[in-house]
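Visitor: One-letter residues, chain by chain:
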Amino acid sequence: MRHLLDVCDLSVDELGALIKTAEDIAKDGKKYARALEGKKLATLFFEPSTRTRLSFEAAMIELGGSVIGFSEASSSSAAKGECVSDTVRVVSNYADIIAMRHPIEGAALAAAEKSPVPIINAGDGGHCHPTQTLADLLTIHREIGRLDDLTIGLCGDLLYGRTVHSLINAMLRYKNIRFVLISPPELRLPEYTQNALRRAGAEVLETSSLEEYMPILDVLYMTRVQRERFPSSEAYEAVKDCYRLTAAKLADAKKDMRVLHPLPRVNEIAKDVDDDPRAAYFRQTLNGKLMRMALLRYLLSDEALNADAKLPEGEQTSLKCPNNKCVTNCESDFVMMAARDEDGALKCRYCETKLDK
Amino acid sequence: MRHLLDVCDLSVDELGALIKTAEDIAKDGKKYARALEGKKLATLFFEPSTRTRLSFEAAMIELGGSVIGFSEASSSSAAKGECVSDTVRVVSNYADIIAMRHPIEGAALAAAEKSPVPIINAGDGGHCHPTQTLADLLTIHREIGRLDDLTIGLCGDLLYGRTVHSLINAMLRYKNIRFVLISPPELRLPEYTQNALRRAGAEVLETSSLEEYMPILDVLYMTRVQRERFPSSEAYEAVKDCYRLTAAKLADAKKDMRVLHPLPRVNEIAKDVDDDPRAAYFRQTLNGKLMRMALLRYLLSDEALNADAKLPEGEQTSLKCPNNKCVTNCESDFVMMAARDEDGALKCRYCETKLDK
Amino acid sequence: MRHLLDVCDLSVDELGALIKTAEDIAKDGKKYARALEGKKLATLFFEPSTRTRLSFEAAMIELGGSVIGFSEASSSSAAKGECVSDTVRVVSNYADIIAMRHPIEGAALAAAEKSPVPIINAGDGGHCHPTQTLADLLTIHREIGRLDDLTIGLCGDLLYGRTVHSLINAMLRYKNIRFVLISPPELRLPEYTQNALRRAGAEVLETSSLEEYMPILDVLYMTRVQRERFPSSEAYEAVKDCYRLTAAKLADAKKDMRVLHPLPRVNEIAKDVDDDPRAAYFRQTLNGKLMRMALLRYLLSDEALNADAKLPEGEQTSLKCPNNKCVTNCESDFVMMAARDEDGALKCRYCETKLDK
Numbered sequence: 013m014r015h016l017l018d019v020c021d022l023s024v025d026e027l028g029a030l031i032k033t034a035e036d037i038a039k040d041g042k043k044y045a046r047a048l049e050g051k052k053l054a055t056l057f058f059e060p061s062t063r064t065r066l067s068f069e070a071a072m073i074e075l076g077g078s079v080i081g082f083s084e085a086s087s088s089s090a091a092k093g094e095c096v097s098d099t100v101r102v103v104s105n106y107a108d109i110i111a112m113r114h115p116i117e118g119a120a121l122a123a124a125e126k127s128p129v130p131i132i133n134a135g136d137g138g139h140c141h142p143t144q145t146l147a148d149l150l151t152i153h154r155e156i157g158r159l160d161d162l163t164i165g166l167c168g169d170l171l172y173g174r175t176v177h178s179l180i181n182a183m184l185r186y187k188n189i190r191f192v193l194i195s196p197p198e199l200r201l202p203e204y205t206q207n208a209l210r211r212a213g214a215e216v217l218e219t220s221s222l223e224e225y226m227p228i229l230d231v232l233y234m235t236r237v238q239r240e241r242f243p244s245s246e247a248y249e250a251v252k253d254c255y256r257l258t259a260a261k262l263a264d265a266k267k268d269m270r271v272l273h274p275l276p277r278v279n280e281i282a283k284d285v286d287d288d289p290r291a292a293y294f295r296q297t298l299n300g301k302l303m304r305m306a307l308l309r310y311l312l313s314d315e316a317l318n319a320d321a322k323l324p325e326g327e328q329t330s331l332k333c334p335n336n337k338c339v340t341n342c343e344s345d346f347v348m349m350a351a352r353d354e355d356g357a358l359k360c361r362y363c364e365t366k367l368d369k
Numbered sequence: 013m014r015h016l017l018d019v020c021d022l023s024v025d026e027l028g029a030l031i032k033t034a035e036d037i038a039k040d041g042k043k044y045a046r047a048l049e050g051k052k053l054a055t056l057f058f059e060p061s062t063r064t065r066l067s068f069e070a071a072m073i074e075l076g077g078s079v080i081g082f083s084e085a086s087s088s089s090a091a092k093g094e095c096v097s098d099t100v101r102v103v104s105n106y107a108d109i110i111a112m113r114h115p116i117e118g119a120a121l122a123a124a125e126k127s128p129v130p131i132i133n134a135g136d137g138g139h140c141h142p143t144q145t146l147a148d149l150l151t152i153h154r155e156i157g158r159l160d161d162l163t164i165g166l167c168g169d170l171l172y173g174r175t176v177h178s179l180i181n182a183m184l185r186y187k188n189i190r191f192v193l194i195s196p197p198e199l200r201l202p203e204y205t206q207n208a209l210r211r212a213g214a215e216v217l218e219t220s221s222l223e224e225y226m227p228i229l230d231v232l233y234m235t236r237v238q239r240e241r242f243p244s245s246e247a248y249e250a251v252k253d254c255y256r257l258t259a260a261k262l263a264d265a266k267k268d269m270r271v272l273h274p275l276p277r278v279n280e281i282a283k284d285v286d287d288d289p290r291a292a293y294f295r296q297t298l299n300g301k302l303m304r305m306a307l308l309r310y311l312l313s314d315e316a317l318n319a320d321a322k323l324p325e326g327e328q329t330s331l332k333c334p335n336n337k338c339v340t341n342c343e344s345d346f347v348m349m350a351a352r353d354e355d356g357a358l359k360c361r362y363c364e365t366k367l368d369k
Numbered sequence: 013m014r015h016l017l018d019v020c021d022l023s024v025d026e027l028g029a030l031i032k033t034a035e036d037i038a039k040d041g042k043k044y045a046r047a048l049e050g051k052k053l054a055t056l057f058f059e060p061s062t063r064t065r066l067s068f069e070a071a072m073i074e075l076g077g078s079v080i081g082f083s084e085a086s087s088s089s090a091a092k093g094e095c096v097s098d099t100v101r102v103v104s105n106y107a108d109i110i111a112m113r114h115p116i117e118g119a120a121l122a123a124a125e126k127s128p129v130p131i132i133n134a135g136d137g138g139h140c141h142p143t144q145t146l147a148d149l150l151t152i153h154r155e156i157g158r159l160d161d162l163t164i165g166l167c168g169d170l171l172y173g174r175t176v177h178s179l180i181n182a183m184l185r186y187k188n189i190r191f192v193l194i195s196p197p198e199l200r201l202p203e204y205t206q207n208a209l210r211r212a213g214a215e216v217l218e219t220s221s222l223e224e225y226m227p228i229l230d231v232l233y234m235t236r237v238q239r240e241r242f243p244s245s246e247a248y249e250a251v252k253d254c255y256r257l258t259a260a261k262l263a264d265a266k267k268d269m270r271v272l273h274p275l276p277r278v279n280e281i282a283k284d285v286d287d288d289p290r291a292a293y294f295r296q297t298l299n300g301k302l303m304r305m306a307l308l309r310y311l312l313s314d315e316a317l318n319a320d321a322k323l324p325e326g327e328q329t330s331l332k333c334p335n336n337k338c339v340t341n342c343e344s345d346f347v348m349m350a351a352r353d354e355d356g357a358l359k360c361r362y363c364e365t366k367l368d369k
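Chains as they are written, first to last, in our numbering: chain A, 13 to 369; chain B, 13 to 369; chain C, 13 to 369.
So that you can see chain A by itself, here it is in the shape it has in the complex (with noise of 0.2 Å):
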C-alpha cells in the first residue's frame, strides 16, 4: 500500500503518469466515471481548507465514489484527546482512502506508520502539501508543455512558503531548471532549501525586485507576502506594493510565460490580472482537481495497494525534537524517533526539524 506524504514520496516515473492521466481525464472525463464506484474517500480536515476539500470531494465524486469527513476540529474526535493515528485506524474501517489536513506537523506520517488504507497528506501544518505541488506540476505541463528547460521565478515569502519548498523540491527532478528567487530580505528562501538547490546545482538568481527577471521568466509562481512575517507594520507597508503583480509588471514578461498561485490571493495580484492568457491560476484549481482524480485512481489500484509503504527510516532516539508544533510534541506517549537527511545530519522523522545534540 502507498501513501503520500510528500510529493517526492513518488517517482518520476509515477509522477509523469499521473500527469498522463490528469491529461486524459481532461480530454475525456466521462471514461472515468465509474473508476472508482463503490469506494469511500474519508476528508478528515482537522482545520479548514475549502478549496483542498472541495477539490478532493469533487475528484472522488467525478471518479463514481463517495465522500465522507468533517471540516474542521471542533467536530472531531480530536477535540476529545484522540490521537490522529487512532483516528485514522476508526476511520478506515469507513472508507477506503484518507485525505487528512491537519495542523501539527508529521501528523500525516504519524497517521500512515498506523492506517490500514492509503493516507494522503493534504498539508500537515507549514511542513507538507504535496498535491498542491501536483497540481502546480500538471499547470505548467499543460500550461507550457513541458517540465524540462524552464526559468521558473518565485515570489513572495519564499521563507516560510511550503508550497514554494515543496515546487522547488519537485523541479529539482527535471532536467535544465533555473530558479529566480524575488523576495524581501526578511522573507529569503531558508538556508536547508538553499542547500538541497546547490547541492542539485541549481541555476539560481535571487532578487528583490519583481521586475529585474520578468523578461526571462516562463513560469511565475506567485504567493502572499503577510503582515505578520515583518517585525513591523511600517517594514510591511514599505515593500508590500513591490510583490503585488499588477497587468503593468507583467509587459516584459514573454507572450507564453504563466502566472501561477496557489490561492486563496488576497491583493498579491490585481484583478487586471486576471483576464490575461498568462494567468493560470483559476485553471490551475481545475489541474488540482485533475491530478487528484490521478492520484485517488493511482493508490486504490491493485498495483498500488499491493505495493510497499516506503515510509521514511527512523532510528529511535532519546532527543527531543524542537519544533513544538511537531506531532511529537502535540500528541502523549509518542515514540520520537530520527532519520537522517541528505548531509546525514539528523532530523525528526515526523516533521523533518533538525535535532541540535
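Simulated from the structure, these hints should not be mistaken for lab results.
Treat the hints with care, as some may be off.
Only some residues are given here: those of chain C computed to face chain B with a beta carbon under 10 Å [said to hold, decoys possible]: (1) G81; (2) K92; (3) S97; (4) V102; (5) S104; (6) D345.
As the structure is a prediction and not an experimental result, all values here were calculated from the model.
Each residue gets a CB set at the ideal place from its N, CA and C atoms; glycine is no exception.
Add chains B and C to chain A, keeping to what the hints say.
Guide: Below, chains B and C alone, put in the same frame as chain A:
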C-alpha cells in the same frame, strides 16, 4: 447561462413552468430520479442556514446529482480574505451549479458576474432570498389552487422581513391581489415597498390587529417579531402577544384559508395551530424542496445554459453605497456600479440601496 | 413505523435478527450495495461526534443510499431557537430516516413523537446511545461467539458512563451473565442500575482493582475516568493509573478474553495493548458500522414502517422534571409527561429522571 439572484429574474411564464414541474415531481418523483445524474451542486453557505441547505442538497440528490460544499464561513477561504468572485471561479471547477448563502448584501450578484456556472442566491444578507419565495408561491398554488384573486395577510415584522418584501414583489405580477398588512407601528412596511404597491395600484389594507381582517384572508403569511427590533423590552412585551397566532385566533378564518411561515418559528405560532388543516407551514418546506428541484433542473437545461445571463444593468459611478453591509463596501478593490430604479433614481447595483447625491 | 430511542426498544428477537444481518454483511457486503438505493439519511448532529456520524454515513452509503445533515448545532436552526420536533418535521421532507445526536436528554423521544419518519437516537446527552450498545453486542457475539454465559468486567466511570448502563440493561436480557464492576469508590454504579441488577438476580462482583478478577473475565469493557468527576486533582491523580489497562495487566487474562472500549480513548488503554489479539476496540468500530447498516435496513423495511411506534407510555403531570438538562426544561411550551418505572415510581417520560412528589 441564467442565474437566480432575485425572484423577479424569472418571468411569469418561467415561474409558471417551474410550478408545473414541481407539481409533476410531487406526483411522480421517480421520473426525475436521474435527471441530473453526473452533475454536481456546490452549496456555499458563508453563514449557516440548515433548512435551506438541506433542502438544496435533498433536491439535488433526488434528481440523481451530487453535492459538495460548506455550511459556515469559518470552513471557507473567506476567512482568509478571499473575495466571493474568486471563490466561485475556483468552485466552478468542482461543480456545475452553485447555491450560495452569504451575510453580505449583493454578494450573489458579485459572484454571478464572474461565475462560469449558474449561481442561485440562497440568501444574501437582508437583501434577497428568492428560493424561499418560490416555496411560498408553490405553497399558495398547491393549497389554494391559484395565484390570482387572493387576499393575502402579511403579519409581523414587515419592516425588515426580507421574505415579505420578496413575496409582495412576486405577487404584484399576478392579477387582483389584495394585501392586508398586519404589524406593530414600529415594524410597518418600508416606504419603497409601499411605493411599489402604490405604483402597481394594488389594494392595500393596513392594521395593527391580527384579528381584524382574519375573516377575509385567503393566505396568512406569519413572520417573527424580534425583541431586538424594538427600542425597549417594554415596547416589545407590550405587543408581542398580539402577533402570536393561536388556534383561538383562527376561529373566524375561512375554512380553506392557509397559514404560511418561512420557519423556523419560535413562538409566533402556538403549537395548537399545528394540527389545523389550515396550517401549511410544514408542507411549505416540502414545497421548497420541490421548487429547488424544478429550478436546478431548469438552470442546468440546455435552454437556460444557452440563454443570456440578464444580470442587472449598471453604470460606473463615483458614489459610494451607504449600506455598510453591501459587498461594494466589504470587499477591497470593488468597482462600484449604480443602477436605476423604476422612478429613475440611482441605487446600488448590488444591494439596491438608494444612492444619495 | 419504528424508532430506536433506547436499546431495549428492540426485542431480543429483533436484536438477534440485526446481529445475523450484520454478520451476513460482514461476509458479503456487495449483496447489500443497493439495499437502500434512492433513500436518504439525515444525520442531525446538534453536538459533534465524528465517529458516530461517519459510521452512520458510511453505513448508509454502503447500502446504496445518500446522506445529508449537519455536524454541530451552530450550523442548525436550533441556534435560532427552533424546537427539535419542528426540526424533524421539516427534515422529514428531505430524508427517509433521521439519526439524531443532541446534548439535551430526552430530545430523541421529543423528536420521535412528531416525526413522520423513523428516528434513531445517536446519543441524547447522558441518557441513551443505543447504537453504541448495538456495536458492543455485535462485537461480543463476533469475538466470543455467544451472548449467554459470560463474565463481563466493566471498568472505569460506572457512575456517569452511559454506555456502561446501556450495555448492562441489554445484557440482562441474556442468560447467565456475571458482572464484575471495577471502579474507584467515587464512580460506582448508580443505585438505579444496581437495583436493575438486583431485580434481575444477576451475579455481581464489585472491586476497585482492575487486576483482581482479570483471570475470570470473558469481556473487559473499559471506559475513561475523567478528571472532572473527582472532587480534587489529587483525588484523581491517586487513582487514575489503577484504571489504565496495560499489556502487563493483561498477563493474567484468559487467552480468548476480549477488551472493548467505546472510543475515543485518551490514555486509559496503553498503546502496548493495541497489538494484542484480545484488543477488540478497533474492530468494535467496524461492528458499529455493520450494526448501523442492519438497523437502517430494518427500520426502512416495510415490516418496520408498518409496525406500531411503541413509544413509551406517559401520563400528564404537574410535576416538573428535576433534571435541568431534560428537554422538558430546555424547550419552551413543552407539555411534561410522566412514566412509571419497574417499581411503579414516577419518572420523567423523556429523560427517565425520578420525579419527586
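Visitor: Could you work out which of the previously given hints the structure breaks and list their numbers from low to high?
Guide: none
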